[in-house]
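Turn these sequences into a full structure, and let the hints steer you where they fit.
One line per chain: the protein sequences are Y and P, in this order. So the first sequence is numbered by this note's numbering: it starts at 1 and just counts up by one. So the second sequence is numbered by this note's numbering: it starts at 348 and just counts up by one.
Zero decoy hints are in this set.
Pairwise CB distance ranges, derived in the manner of DEER restraints:
(1) P:Glu373 - Y:Glu189: 25 to 35 Å
(2) P:Lys589 - Y:Ile133: 54 to 64 Å
(3) Y:Asp220 - P:Asp462: 45 to 55 Å
(4) Y:Arg202 - P:Lys470: 38 to 48 Å
(5) Y:Glu157 - P:Ser549: 47 to 57 Å
(6) Y:Thr335 - P:Lys517: 22 to 32 Å
(7) Y:Asp327 - P:Gln455: 49 to 59 Å
(8) P:Thr530 - Y:Thr339: 36 to 46 Å
(9) Y:Gly234 - P:Arg464: 24 to 34 Å
(10) P:Glu561 - Y:Thr335: 38 to 48 Å
(11) Y:Lys148 - P:Asp539: 31 to 41 Å
(12) Y:Arg185 - P:Ser549: 52 to 62 Å
(13) Y:Arg202 - P:Ser549: 54 to 64 Å
(14) Y:Arg285 - P:Gly575: 53 to 63 Å
No wet-lab data here; the hints were simulated from the structure. Bear in mind the structure is a predicted one, so any value in this text is a computation, not a measurement. Note that CB positions come from ideal geometry on N, CA and C, so glycine has one too.
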Amino acid sequence: MNDPLYTSSRQRLVNISCFIIWIAYALIQTALLWWFDVDFPLAVNDGLISATIITLCCYVIANALNHYLPRKEKYLYVVVWGLVLAAISISASRWLLQYVIADKGYLDRVDLSLPLRFFINALLIAWIAIINILWNIQQEYKENEQRKADAERLAREAELYNLRQQLQPHFLFNSLNSIIALIGRKPDEARNMTFQLSDFLRGTLRKDDQQLIPLKDELDHLQLYLEIEKVRFGHRLQTQVSYDEECLKLLLPAMIMQPLVENAIKHGLYDTTDQVAISISCACRDHLLEIRIENPYDSESNKPRRGTGFGLRGVQRRLFLLFGRTDLLETKATTHIFTSIIKIPQR
Amino acid sequence: MIKAVLIDDEPLARSMVAEYLDDYPEVSIVAECNDGFEGAKAIMHHQPDIVFLDIQMPKINGFEMLEIIDQQPSVIFTTAFDDYAIRAFEQHAVDYLLKPITKARFDQAMHKFLDNRQSTMDKANTRKLLEDVSNTPGTLERVVVKVGSKIKILPVANIICIEADDDYVKIHTIEGTFLKSKTLTSFEQQLDPQQFVRIHRSFLIKIDHIVRLEPQEKDSYVAVLSNGMVANVSKNGYARLKQLLGM
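Okay, here's the thing in structure tokens:
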């Protein structure tokens, strides 16, 4: 309620409402009195005075509630305030009328109708108060919702950012070490690997978390990573990437395959001492892009390595945040092959 | 002649160290190994004076490899990035090189090794380091043991109980019994306390494998295990068991 724009628009609404109440009250009361055979000038005077005073009371209570939203247990105060204001409005009207209207007989009739007038004013004030309180409650609810949505959006952005920052420092330092080792003996290879590494890093930095990129770009980026890993691990690492031509244009979240391929290589390389063949295949069907990543693995000695679970969880979470589905990542393990499958819905 | 063994799963990383060692004609590389298995064999076979050892390696890591070696060599660890391990190295004054390794830092490590070669300080530090590194509570998932000249990896899920036996422990598993030089207390610390309970000074058992408890004398029990073994239950052990099983 501290928003100045909101406060001024709300104030304007109160002003307009009060003006309408003033006009309507004056017209209705005058018309009613006239209907009951009161002289027209008398009816107009009475109507104007009563309307002015009740409008002032309505204005007071609306503004009071504008600045102060009573808690549930304080609603009794509001009722008391309303009754007091109704009494004040009646007394003030009656007090003013005696100066404006000289007709003693009419004033006696007014005194007779005071309970009725009190009742009507009290109802009107109660109505204004209820509308205001409901308005306030709804406004507060809306603000809470907005805050919650903002907080969720922020958390989501931060989370996506973190999930993307999964590039292992291990990978970077080991690659640098390999480059340094190559510089002396195979300068060309060293230079080539430096280019690959910098292209790869640029790719990881440039990409926006929520951005969807064509499969072709993601595969090109992945290829850089695989080439670097092949230099590091030499003949031990074999990779095979296959895809249908028509899939290349399909979109997927940037860097979504990276953690899975990292996992596959890590498991492949650390679970066995033999040659490791990693296979990546992409297919499209039923508005889905399906990517399978397979690596050899040893179910016997396999201990869940540090970071592995997180990689999978991170991908799962990212897919959930982006698509709102939990069934997009699937993993299967036979005795020797570990497969992870991601499905990317195409919009 | 100083004998050196290089153990790293990345050939280029080994060649880097080999190149730096060219400046030390008194050091000769007797073996280069791709993983911990080859490494352990080479160390036992060559009895090297110095080992350059990577930590992240296939099947068994550098620490696990050292655990199964009886005669600890002097070790210089080479690793890319491992916050936890680096803290452990520093604490135990064991030398380590961070990849990419600079020549200056490498020379510093070599001089330190050459100067202290006679003292056994380094090896004692390595022992302590190993204990410390493996003493992360409740985290042990596998145990590496040596069977003759073979190295075997025992998943913790297969362990039935561990029995103290002088300086060794006997690890009883569903595949048989294995020996390892390690204390029962360190196993107790590393294994999940919800699954393993120390029922006696010399018995750490997995609760799933208790078939029944039989009263022996007054106040004392024996536990019959799924493999037919009978283990004494001490008074304290019985209290611990009761607590864990919620009796």
